[in-house]
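Sequences are here, hints too, so could you generate the full structure?
Given next are the chains, with one letter for each unit.
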Amino acid sequence: MVNFNRIRALIKRNFLLTFRGIDTLTDFFYWPLFDILVWGFTGSWMARGTSNPDLAVIILSSLVLWQAVYRTNLDVSYNFFSEMWSRNVINLFVTPLTIQEWTCATMIMGGLNSFICALFGMTAVWLLYGIFIPAIGPWFLVLFVSLFFSGWTIGLFTASVLASYGGQAQKLIWVMGWLFVPFVGIFYPIEIMPLWAQTVAYCVPMTYFFKVLRIFIESNRIDFWLLFYGFILSFVYFIIGVVSFIYFFNRSKQRGLARLEDA
Amino acid sequence: MNITRSILLAKRYLLARFFKIEDIIDFIFWPLLDIIIWGGVGLALAKSGQPAQQVTVSIVSVVMLRVYLYSFFNNAANFLYEMMARNIINLFSTPLSFNEWLLSGILSGFATSLALVVFATGVSKLFFNIYLLSAGPGLAVFVLPLLISGWAMAHLTIVLLMLFGVHAQRLVFVMGWLLIPFSGVYYSLEIMPSWIQIVSRAVPMSYIFSALRIFILNDRFSWNDLAYGYGLALFYFIITTFACNRMFERSRQLGLASLERS
Chain H
1 MVNFNRIRAL IKRNFLLTFR GIDTLTDFFY WPLFDILVWG FTGSWMARGT
51 SNPDLAVIIL SSLVLWQAVY RTNLDVSYNF FSEMWSRNVI NLFVTPLTIQ
101 EWTCATMIMG GLNSFICALF GMTAVWLLYG IFIPAIGPWF LVLFVSLFFS
151 GWTIGLFTAS VLASYGGQAQ KLIWVMGWLF VPFVGIFYPI EIMPLWAQTV
201 AYCVPMTYFF KVLRIFIESN RIDFWLLFYG FILSFVYFII GVVSFIYFFN
251 RSKQRGLARL EDA
Chain R
1001 MNITRSILLA KRYLLARFFK IEDIIDFIFW PLLDIIIWGG VGLALAKSGQ
1051 PAQQVTVSIV SVVMLRVYLY SFFNNAANFL YEMMARNIIN LFSTPLSFNE
1101 WLLSGILSGF ATSLALVVFA TGVSKLFFNI YLLSAGPGLA VFVLPLLISG
1151 WAMAHLTIVL LMLFGVHAQR LVFVMGWLLI PFSGVYYSLE IMPSWIQIVS
1201 RAVPMSYIFS ALRIFILNDR FSWNDLAYGY GLALFYFIIT TFACNRMFER
1251 SRQLGLASLE RS
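Chains H and R, in that order, give the protein sequences.
The working numbering puts the first residue of the first sequence at 1, with every later residue one more than the last.
The working numbering puts the first residue of the second sequence at 1001, with every later residue one more than the last.
Do not take every clue at face value.
As the list claims (entries may be wrong) - Which bits of chain H does chain R cover? Going by a derived footprint, with three or more residues having C-beta under 8 Å, they are: (1) 24-35; (2) 39-48; (3) 165-171; (4) 185-193.
Keep in mind the hints are simulated off the structure, nothing from the lab.
Built from N, CA and C at the ideal position, the CB exists for glycine as well.
What follows is the structure in structure tokens.
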């Protein structure tokens, strides 16, 4: 049975650990600001030569949406890795804490951190380019929250690999999220990609959500079918992600959690 | 100054780097991602009416950016690794001088950049059917000032690492990217607000990338931009190398052990 007090305590602990030191400043503010500067100017430059005046809005709002995936993914996988790195996995799981509670806590933490990043991103976009992303309306929030599932799923798969292979696989934490970026149509429509890449794209739920956003900004309508496909795929992958993480963690537990703490 | 010692040290850094799976992933994954994303952006631009060479411009620009970043990272990360491995005292209790050590970073950065260009040429041919080196030996003119800029930025980062210690390790991953939004790597400088354009005039890469764009699109060298780019890059390199030497001398007087404290 899941104990909400334990989840709350873990969230509080992670929150306190996250917001200290310079690392947080770079992760939460430096890189999103860097992306916004680079892609904002790229979008304005691209829009100058095209007939699509909404291009900068599409790119920048997609970038803010991307924070929902990137942060939730990073929070799940990085938190698991940092417990391994600080040799805390055994300490943590000799307590009554279950892996389900730990997973819930990091997922919620990822969601909250995504909102912080997105708020910062939207403010930066507004100040730098005069584009007010909340004006897109409540659908933006729906897409943002829907993308949490993709981020959690990537994070859980990465954590599964970490639970199997230990800290050797740490590079995956930073690589896995970005692996999907070329395929999901954040910065350009997927139609310009070769057919094989489009086939890959349609297997990734994020593609549908970014496409819905693109269509909504360009023609002010929601494509419910795309949204539906996105939800179904997200949900299927998410269930597989949760099951695989719990399976690989329990397998490691049977073999001895101490092996995860060997650097 | 004994160049053999620098070459040996560079060889040691390269061997240490290319036998670790994390570093191989770093070397392959990020340039590959850059080429695919920016090649895609170039395709989108070309389809929306801009010149067809935009794809080449985008890909060559991100590869050149990686040349700068690798020359920066090799230098700065080498110093951080030595600090973290508490190896600074061991290293400088040998006859090795600080300038020989700096040269080793420059050499290992140069070798990594060269390997990157070969890898990027293969990737862009495979994914976009673009042969990077078809632009000719003229491209080499743009590589050198980017390498020098990377070394200058790395030397500045090493100064900061000596000043603030291992706590400032994030700087190694952050400093290289700091000037990129002002360098016009991905877009033409004119699109930016005037205050950013003023900042970008002090950044050597902005002149180099501007000249590179002109070279690919109009097939001519912008000698003015190149002269400014080379001049500024060399100026920063001399200043930061001098600062690096002064800072190291100060650390040596204070005791090199202070650099190894975590």
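Checked hints:
no. : hint    : in the structure
1   : 24-35   : holds (count 3)
2   : 39-48   : holds (count 6)
3   : 165-171 : holds (count 3)
4   : 185-193 : holds (count 5)
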